[in-house]
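Whenever a hint applies, use it, and build me the whole structure from the sequences.
In order, the protein sequence lines correspond to chains H and E. Note that our numbering gives residue 173 to position 173 of the first sequence, counting from 1, and the numbers run on in steps of one. For our numbering, add 1000 to where a residue sits in the second sequence, where the first one is 1.
I should point out that these hints are in silico values taken from the structure, not numbers from a laboratory. All the pointers check out, no bait thrown in.
Lysine to aspartate or glutamate pairs mimicking EDC-like chemistry, simulated, CA-CA at most 20 Å apart:
#1 E/Lys1056 x H/Glu159
#2 E/Lys1056 x H/Glu31
#3 E/Lys1045 x H/Glu133
#4 H/Lys174 x E/Glu1012
#5 H/Lys174 x E/Glu1016
#6 H/Lys3 x H/Glu13
#7 H/Lys174 x H/Glu160
#8 H/Lys174 x H/Glu159
#9 E/Lys1056 x H/Glu133
#10 E/Lys1045 x H/Glu191
#11 E/Lys1045 x H/Glu159
#12 E/Lys1045 x H/Glu160
#13 E/Lys1056 x H/Asp50
#14 H/Lys174 x E/Glu1005
#15 H/Lys94 x H/Glu143
#16 E/Lys1056 x H/Asp132
#17 E/Lys1056 x H/Glu160
#18 H/Lys174 x E/Asp1015
#19 H/Lys117 x E/Asp1031
#20 E/Lys1045 x H/Asp132
#21 E/Lys1056 x H/Glu144
#22 E/Lys1056 x H/Asp54
#23 E/Lys1056 x H/Asp32
#24 H/Lys174 x E/Glu1008
#25 H/Lys174 x E/Asp1017
#26 E/Lys1056 x H/Asp47
#27 E/Lys1056 x H/Glu143
#28 E/Lys1056 x H/Glu46
#29 E/Lys1045 x H/Asp120
#30 E/Lys1045 x H/Asp131
#31 E/Lys1056 x H/Asp131
#32 E/Lys1045 x H/Glu198
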Amino acid sequence: MGKTVPTDNQLIERINAGETGLLEELISRYEDRVYNLAYRMVGSREDAEDVLQDTFINVIRALDRFQGRSSFSTWLYRIAANTALTRLRKQGRKVKGEDEFLDNVYAVQQAARSGEKLSDWSNNPVRELLDDEAMQIMNQAIEEMPEIYRAVFVLRDIEELSTAEVADVLDLSKAAVKSRLHRARVYLRNELSGYFSEEGVAQ
Amino acid sequence: MNCREIFEALSEFIDEDLSTSTCNEIQRHLDHCQNCRIVVNTLRKTVTLYHSLPPKVMPGEVRTRLHRVISIESSRDHDGGS
Chain H
1 MGKTVPTDNQ LIERINAGET GLLEELISRY EDRVYNLAYR MVGSREDAED
51 VLQDTFINVI RALDRFQGRS SFSTWLYRIA ANTALTRLRK QGRKVKGEDE
101 FLDNVYAVQQ AARSGEKLSD WSNNPVRELL DDEAMQIMNQ AIEEMPEIYR
151 AVFVLRDIEE LSTAEVADVL DLSKAAVKSR LHRARVYLRN ELSGYFSEEG
201 VAQ
Chain E
1001 MNCREIFEAL SEFIDEDLST STCNEIQRHL DHCQNCRIVV NTLRKTVTLY
1051 HSLPPKVMPG EVRTRLHRVI SIESSRDHDG GS
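So this is what it looks like as structure tokens:
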């Protein structure tokens, strides 16, 4: 029995009872995911490291108030996402305004409706392993989105949380998560179109 | 459903998060509306591309510094008897 791996909640119970040495084990389970989430949200290694450290400091300080009503991972993601969002807002980084963002999202619909023929680059032979240029374009497109769309997209399509989990983490309704996710995806589709269409032409 | 309503439902369509009847309706629309079909194909491709983005790997020194911070913070928490 001694070999059974303890659940997150069992670890937390023991940490709260004084076995603080187990914090390392609990945090090791999630540090890579939190780093990836932080990096995708704030866009640089230095800022990601700050968000990573701040997240776990906040987690350690609040751990005795963890109720276990949602899973530890959801609770942790909530702290990580809020820490990243707070940092982004403080920095006042240049992102698209909501109006400009939505104009871009709906431009494709306008174009389609006006009878303009859209480019179908979905079957272009994109290299299986994305090269540096492609990844840079994809990352930059994420970073230009308004924060809340970025947060929904990163949690749902990069971290692959469910709609219900994202709603829980960001304190949004499921309907709001779905509509923001859709707009984020369309925006990214539009931003990627130029690059991935061209690659097809070059073939 | 018209093109605008179809457009709004395309992410849920991709995620297979709609009723069978709505899915069928969208599929019938896509069969004859080329632009909506292109939007759904490229939208699906976009999601696939982002899924295939490799994760950002935490550098070793970042991990080392994190664990130093954790160790300081947890001993402080312990001593402080909060």
